[in-house]
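Numbering (numbering that gives the first Met the number 0), first residue to last: 0 to 615.
If you are wondering where the hints come from, they were derived from the structure by calculation, not from laboratory data.
Quick reminder that beta carbons are idealized off the backbone N, C-alpha and C, glycines included.
Simulated DEER-style distance windows between Cβ atoms:
hint, residue 1, residue 2, range
1, Leu394, Leu263, 51 to 59 Å
2, Gln155, Pro276, 34 to 42 Å
3, Lys517, Glu345, 52 to 60 Å
4, Gly214, Glu345, 53 to 61 Å
5, Asn57, Ser257, 36 to 44 Å
6, Asp6, Ser561, 30 to 38 Å
7, Val319, Gly496, 34 to 42 Å
Below 20 Å or equal to it, Euclidean Cα-Cα: the simulated SDA-like pairs (lysine to any residue) are:
hint, residue 1, residue 2
8, Lys84, Asn223
9, Lys397, Glu368
10, Lys560, Lys587
11, Lys323, Phe80
12, Lys190, Thr173
13, Lys206, Ser62
14, Lys128, Lys431
15, Lys234, Ser16
16, Lys206, Glu17
17, Lys546, Asp456
18, Lys500, Thr476
19, Lys206, Phe58
20, Lys371, Asn339
21, Lys504, Gly466
22, Lys277, Phe91
23, Lys194, Asp103
24, Lys84, Gly269
25, Lys128, Glu87
26, Lys469, Leu498
27, Lys13, Arg34
28, Lys242, Gly262
29, Lys479, Ile396
30, Lys165, Lys190
31, Lys84, Arg131
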Amino acid sequence: MATYAGDAIDKISKIASELTGVQLGERQRSMVETRLGRRLAQLKLKNLDEYHTYLTENFNVESRALISLLTTHHTFFFREFLHFKFLEDQAFDKLVEVARTRPDKTIRIWSAACSRGQEVYSLAMFFDKLLRERAPDVKYQILGTDVDIESVKWAQNGVYNKNEIKEVPLAYLTNNWARGTGKIADFVKVKDVLKSRCKFEDRNILKLSPSEEAGYYDVIFCRNVLIYFNSDQIKTVVGSLMKRLHPEGHLVVGVSESLLGLGLDVQSHGSSVYSHPKAVEEKKPTPASNVTPMPARTPAVAKDQPVRVLCVDDSKSILVILQKILTKENGFEVVGTALNGLEAKEQVQKLRPDVITMDIHMPEQTGVEYLKANMNSSHPPVVMISSVSREDGELAIKALEYGASDYVEKPTLQTFAQKSDEIQLKLRSAIKNTKMKGLSSFDQAFQRPSGQPQRKDEICVIACGMGEMKKVEKILTELKNLKWPVTTMIFVEGAAGVLPKLASKLSKFSSGPVDLIKEEPGVIPGPGYVGLGDLHQAIGPFAGLRKDRPLAVWVLGGLSKSSQEEIAGLKNAQILLEDRTPAIWTEKDPLKKAATDMMPWNSFVYMTGEYFLKAG
Numbered sequence: 000m001a002t003y004a005g006d007a008i009d010k011i012s013k014i015a016s017e018l019t020g021v022q023l024g025e026r027q028r029s030m031v032e033t034r035l036g037r038r039l040a041q042l043k044l045k046n047l048d049e050y051h052t053y054l055t056e057n058f059n060v061e062s063r064a065l066i067s068l069l070t071t072h073h074t075f076f077f078r079e080f081l082h083f084k085f086l087e088d089q090a091f092d093k094l095v096e097v098a099r100t101r102p103d104k105t106i107r108i109w110s111a112a113c114s115r116g117q118e119v120y121s122l123a124m125f126f127d128k129l130l131r132e133r134a135p136d137v138k139y140q141i142l143g144t145d146v147d148i149e150s151v152k153w154a155q156n157g158v159y160n161k162n163e164i165k166e167v168p169l170a171y172l173t174n175n176w177a178r179g180t181g182k183i184a185d186f187v188k189v190k191d192v193l194k195s196r197c198k199f200e201d202r203n204i205l206k207l208s209p210s211e212e213a214g215y216y217d218v219i220f221c222r223n224v225l226i227y228f229n230s231d232q233i234k235t236v237v238g239s240l241m242k243r244l245h246p247e248g249h250l251v252v253g254v255s256e257s258l259l260g261l262g263l264d265v266q267s268h269g270s271s272v273y274s275h276p277k278a279v280e281e282k283k284p285t286p287a288s289n290v291t292p293m294p295a296r297t298p299a300v301a302k303d304q305p306v307r308v309l310c311v312d313d314s315k316s317i318l319v320i321l322q323k324i325l326t327k328e329n330g331f332e333v334v335g336t337a338l339n340g341l342e343a344k345e346q347v348q349k350l351r352p353d354v355i356t357m358d359i360h361m362p363e364q365t366g367v368e369y370l371k372a373n374m375n376s377s378h379p380p381v382v383m384i385s386s387v388s389r390e391d392g393e394l395a396i397k398a399l400e401y402g403a404s405d406y407v408e409k410p411t412l413q414t415f416a417q418k419s420d421e422i423q424l425k426l427r428s429a430i431k432n433t434k435m436k437g438l439s440s441f442d443q444a445f446q447r448p449s450g451q452p453q454r455k456d457e458i459c460v461i462a463c464g465m466g467e468m469k470k471v472e473k474i475l476t477e478l479k480n481l482k483w484p485v486t487t488m489i490f491v492e493g494a495a496g497v498l499p500k501l502a503s504k505l506s507k508f509s510s511g512p513v514d515l516i517k518e519e520p521g522v523i524p525g526p527g528y529v530g531l532g533d534l535h536q537a538i539g540p541f542a543g544l545r546k547d548r549p550l551a552v553w554v555l556g557g558l559s560k561s562s563q564e565e566i567a568g569l570k571n572a573q574i575l576l577e578d579r580t581p582a583i584w585t586e587k588d589p590l591k592k593a594a595t596d597m598m599p600w601n602s603f604v605y606m607t608g609e610y611f612l613k614a615g
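Throw the hints in and build the complete structure from the sequences for me.
Okay, here's the thing in structure tokens:
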């Protein structure tokens, strides 16, 4: 087994911090050790002293591997949409005006910490659509950079799991993505119409060379990376970025990041958006005679008025959740509710809403029946909010065929925060795109046979104590939409006496009933099965029956040493530990040495998706 020297881990952490700017102190020590343990095994090194020597002797190559190990890659499309809304509502006219003064009429955008490309392609979808509608003579070009070269390669490839883009509004998806076939049927690839406008390269924003790009970029996104830097590093980075920002441009940082109070020469526009300070208010220049005039905007909703929403659902709890999401503070107002399609028709005539949210399954008249009977060119746009998955449900496809503008899976109290942005985004998008109803080319592709299926023998094991049930519930909910069909086994430490009640409760969150694992199961069931058992009683028979099926083990919270030893004995498996900072996994923990990686538990499903893809 590898041994870990304190001096070596400190030296390696210092090197990583100097390379990336990410602060790696005592609280991050356990994470660093776990991730480096995997690298030691790959290099067949005995301990971190040997790795430190190897890193020093092979610095140019190994430093890149170190950066990839210790940087966080979890992000998603259209993250923090309020920044896109700012660009459209407050910055777009000036961006176009500046671009039209250039020979190439191009808006220049830089995503300075682009990770695996989701932010870049979100910006590409956004600007491609907006420019086609409002300034078709203007083009855009996006540079995506990241300190991790592996992330840059991922972004350049432009291939993602289809579930990653399901939260993107149809108005942005259409004609921009191609679905894979055969073994890659669950993946999508960005089309050249977007990709040709995007360039990627590895670049460290802490070590930018003397700028040849002074004032070059109209928009710079540097989001959710400054939180890892100290104040001096933030000043250095922002100073470099502002030098590269056009005098009329905007710098966008993450919503949890603020540049105020650091003595920086920037002007705030709210929502974590900044620009160069303006000394005096400038007069707008008179357009030249050869400039294409910008089309007049005719929004469906007055700019300062909230979007008026009619919510249609037979579940009162869902209506309550929607009313909490669609508030005046967020730019919405729920003007009425209805329990079925018949009531909805009356309310539409009475209230004249701007947009409608509608369930599929309702008594008296379903959402699909309502759409078939009532949708026409003058009807307000309808966004379906239902528990049926958009690409998997025949009824969901029917709803889109009959004129629904978009689709959102129902929010719950557990997914409230996550779904709030998606619902608000898709309602606004539906209003702006009332003519684009029906199936997109992307959704039509999901009606066709997908060709050769993926492997269907993967197993996910959740190992935990009784105190982790809330996390288990959320994971089971996420697994409903997992990219591959999987067998799920839940092993709970010390739960033998309460398993029946626990199975009944967990079944509410699973795609199917949660079954109690038999004492002598004989065989591990196939995809879609969800089993529950006491960890000590069930894991032994499971290990003997698994054979060569791909396996991922997710460890929530802490476990006893004996439980850890049983899990550590599972060979050829991805073992992910929950990062329990400030609680720390130590060298006395058997799982510390056996683990593949350590991370926040809500990244388990995402990381296992990549693992199963490679295993397949």
